[in-house]
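**Student:** Work out the full structure, taking the sequences as your base and the hints as a guide.
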Amino acid sequence: MNLLVTTTVIAPILAAAAALLLRAHPKSRDVVTIVGIGLATLASYAMLIDVNANGSQTVRVGGWAPELGIVLVADLFAVLVLPIALSIILVVEIFAIGQRRTAWGANPELAGPLLGVLTGGVSLAILTGDLFTLFVAFELILVSSYVLLTHQGQRDQIRSGMTYVVMNLLASTLFLFGVAFVYAATGTINLALLAERIPELDSGVRLGIGAWFFVVFGTKAAVFPLFSWLPDSYPTAPTTITAVFAGLLTKIGIYSMIRFHTLTGMDELGPIMLVIAGITMVVGALGALAQSDIKRILSFHVISQIGYMLMGLGLFSAAGTTGAILFLLHHMPVKTVLFLVGGLIENHEGTSSLSRSGGLAARKPVIAVLFAIPALSLAGLPPFSGFVAKFAVISAGIDESAVAIVVVALFAGILTLLSMTKIWLGVFWGTDADGLEAVPTAANNRRLMFAATGLAVAGTLTISFFAGSVFDLSQRAAEELRSSDAYITTVTEGAQE
Amino acid sequence: MIAAHSPIVRLGIRAASPLAILVGVYLLFAGHNQPGGGFAAGLVFGAVAALRTVAGLQRPINTGALVAAGTALVAVVAVAPLLWGDPMLDQQIVSAEIPLLGKVKTGSALPFDIGVTAIVVGLVLAVLDGLGARELAETSVPKPGGAK
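Taken in sequence, the protein lines are chains U and G. Under this note's numbering, think of the first position of the first sequence as 1, with each following residue one higher. Under this note's numbering, think of the first position of the second sequence as 1, with each following residue one higher.
Quick caveat, the hints were computed from the structure, so don't treat them as lab data. Quick caveat, the model's predicted, so the values are computed rather than measured. Incorrect hints may have been included.
If the Cβ cut is set under 8 angstroms, some of the chain G residues that face chain U in the computed set are [unchecked claim]:
hint	residue
1	47
2	58
3	61
4	71
5	72
6	75
7	86
8	87
9	90
All C-beta atoms in this analysis are idealised placements derived from N, C-alpha and C, irrespective of residue type, glycine included.
**Tutor:** Structure (structure tokens):
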């Protein structure tokens with residue numbers, strides 16, 4: 001486990017260093033990046049198997065006790081999310097290698113190394129067992145994302161990048177303040193010790209901490225009304241970058257929220273979370289309906305879908321948390337695939353605007369199929385993973401007799417389906433409205449892009465096929481989080497030698 | 001560039017560089033038990049390099065390699081303890097009697113700090129180059145004797 005945990009964090013960072021050194025050699029640079037991220041991905045799957053069989057495990061960095069040092073905790077929740085997160089980055093990197101020789105692609109000299117650093121940050125954020133390391137991991141992710149977002153230096157990228165940087169810096173500052181507050185109130189920032197000490201605090205202090213971190217993680221997760229940075233900045237970035245961001249960044253925010261608020265038992269915040277979840281769903285879905293560009297529609301969906309995860313969390317019941325975890329697992333790959341397909345469309349139509357493209361279903365049926373599967377899944381139609389996830393969240397809502405939020409969730413689902421139909425009508429049916437040429441791409445690169453997208457679609461289908469076992473795993477992970485005893489014992493006693 | 005026109009600035013920076021580097025090296029070694037460390041040392045070295053850039057003096061050029069080498073060093077130091085079966089980032093401490101300096105204590109944290117220093121210096125210079133500092137310093141160095 002020691003080796004596996006280290007690999008997921010360090011391998012991508014080493015690969016980033018090597019890729020930076022090999023800047024002038026495109027072939028070996030790409031190979032090194034793929035190998036680094038690939039190794040981390042393999043290690044994460046091995047961790048899933050190990051933890052599933054032998055239970056949660058802890059690595060004490062530098063051999064320090066949890067009160068003093070950094071612990072990395074591989075519990076079931078972490079090892080469920082980690083393999084999917086890393087697989088997404090791997091697939092996108094493959095896609096990026098195909099795409100980057102066109103005008104739409106990211107600058108490979110920067111994108112390779114930065115994706116490596118981002119991967120290391122994502123692994124660290126998912127595995128870490130204390131708040132300050134979580135802050136460092138967020139910073140690793142954010143600093144690389146700032147550059148990835150704006151490195152092409154186009155006018156609208158810089159403009160929306162500005163909002164992105166300011167909002168996230170603000171959230172990071174609040175995060176740091178929050179860490180200080182927590183330390184002042186409890187004398188520790190280790191999550192396992194916090195799970196013991198926060199419930200003993202005065203209810204005012206306790207809820208203050210909960211609300212503070214709800215704002216911090218909420219900004220990262222783009223919940224209403226803190227989402228303003230997202231729909232402007234995501235669509236302007238190169239497709240591959242947007243695909244990674246949409247699949248991962250907001251999800252790391254909601255992941256941290258699920259972990260922190262469930263472990264520390266912030267049940268009283270539930271009603272507020274539910275209200276915000278409802279507004280987030282509807283505002284995101286309505287925003288999507290109003291757009292006329294594929295990437296912008298998909299960006300608003302990111303917001304809307306965060307609402308469902310927040311709803312699962314806000315119910316603060318075993319079924320609700322299970323639903324939130326399941327939704328997270330389903331949503332990450334599906335969202336990424338949709339953006340990758342958006343990239344394919346852009347490549348073939350020369351634009352991602354709905355009004356300027358059309359008739360792609362007749363010319364490129366493959367793209368139509370690749371789009372239809374994740375789109376139906378996102379809208380929550382059976383038999384895809386989205387149906388299982390949405391069903392879990394909504395049935396958890398019915399169990400808690402939270403009627404209002406259930407109605408809102410179903411309504412937002414219809415809106416989502418409507419905006420997917422809008423993409424379908426605009427891009428795949430009708431005729432090509434203007435004569436915009438496809439972006440010239442070498443056959444090899446095109447094949448690589450299709451292969452990566454196909455792989456990702458296959459991945460989402462796998463989740464649907466094994467929905468039963470994924471559901472069971474999510475349920476176990478949710479129970480571990482809610483009781484928090486298992487987590488505390490793993491961290492304080494189970495030192496991994 | 002104004003600094004390049006002024007021999008006082010150029011000379012001053014040239015004279016101050018070795019002293020500032022000495023401070024940086026001190027911080028790098030002091031960081032183990034006292035205020036200092038790789039990041040602080042990197043900032044001091046970065047400041048030296050930035051001043052030298054402005055004055056058009058010699059300084060490291062290959063910023064990418066600096067960052068990459070630093071990252072690689074840090075990552076290798078982090079992973080190395082695994083070879084002996086220890087958790088990552090575990091420290092080995094060495095102390096030795098050195099004439100003049102007395103008892104010196106150091107450890108595997110030192111190469112880690114050196115790596116951090118390299119990353120910081122590399123990034124500072126990369127940002128300066130990104131802002132066009134080098135071109136600015138080069139384009140306006142006046143010919144000795146003056147054209148007008």
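**Student:** Now tell me, hint by hint, if it's right for this structure.
**Tutor:** Against the structure, the hints come out as follows:
Because the beta carbon of residue 47 of chain G sits about 21 angstroms from the nearest beta carbon in chain U, more than 8 angstroms, this interface hint is broken. A distance limit of 8 angstroms between C-beta atoms decides the matter here; for residue 58 of chain G the minimum to chain U is near 23 angstroms, and the interface restraint is violated. Hint status for residue 61 of chain G: violated, given a least beta-carbon distance of 14 angstroms to chain U, over 8 angstroms. Using the Cβ-Cβ criterion of 8 angstroms, the hint placing residue 71 of chain G at the interface with chain U is satisfied: the shortest such distance is roughly 4 angstroms.
For residue 72 of chain G, the interface hint holds, since its Cβ comes within 8 angstroms of a Cβ in chain U; the closest pair sits about 4 angstroms apart. Interface restraint check: residue 75 of chain G against chain U, minimum CB-CB distance 4 angstroms, threshold 8 angstroms, status holds. Evaluation of the residue 86 of chain G hint against chain U yields a held restraint, the C-beta minimum of about 7 angstroms falling below 8 angstroms. A distance limit of 8 angstroms between C-beta atoms decides the matter here; for residue 87 of chain G the minimum to chain U is near 5 angstroms, and the interface restraint holds.
With a least beta-carbon distance of about 5 angstroms to chain U, the hint placing residue 90 of chain G at the interface is held under the 8 angstroms criterion.
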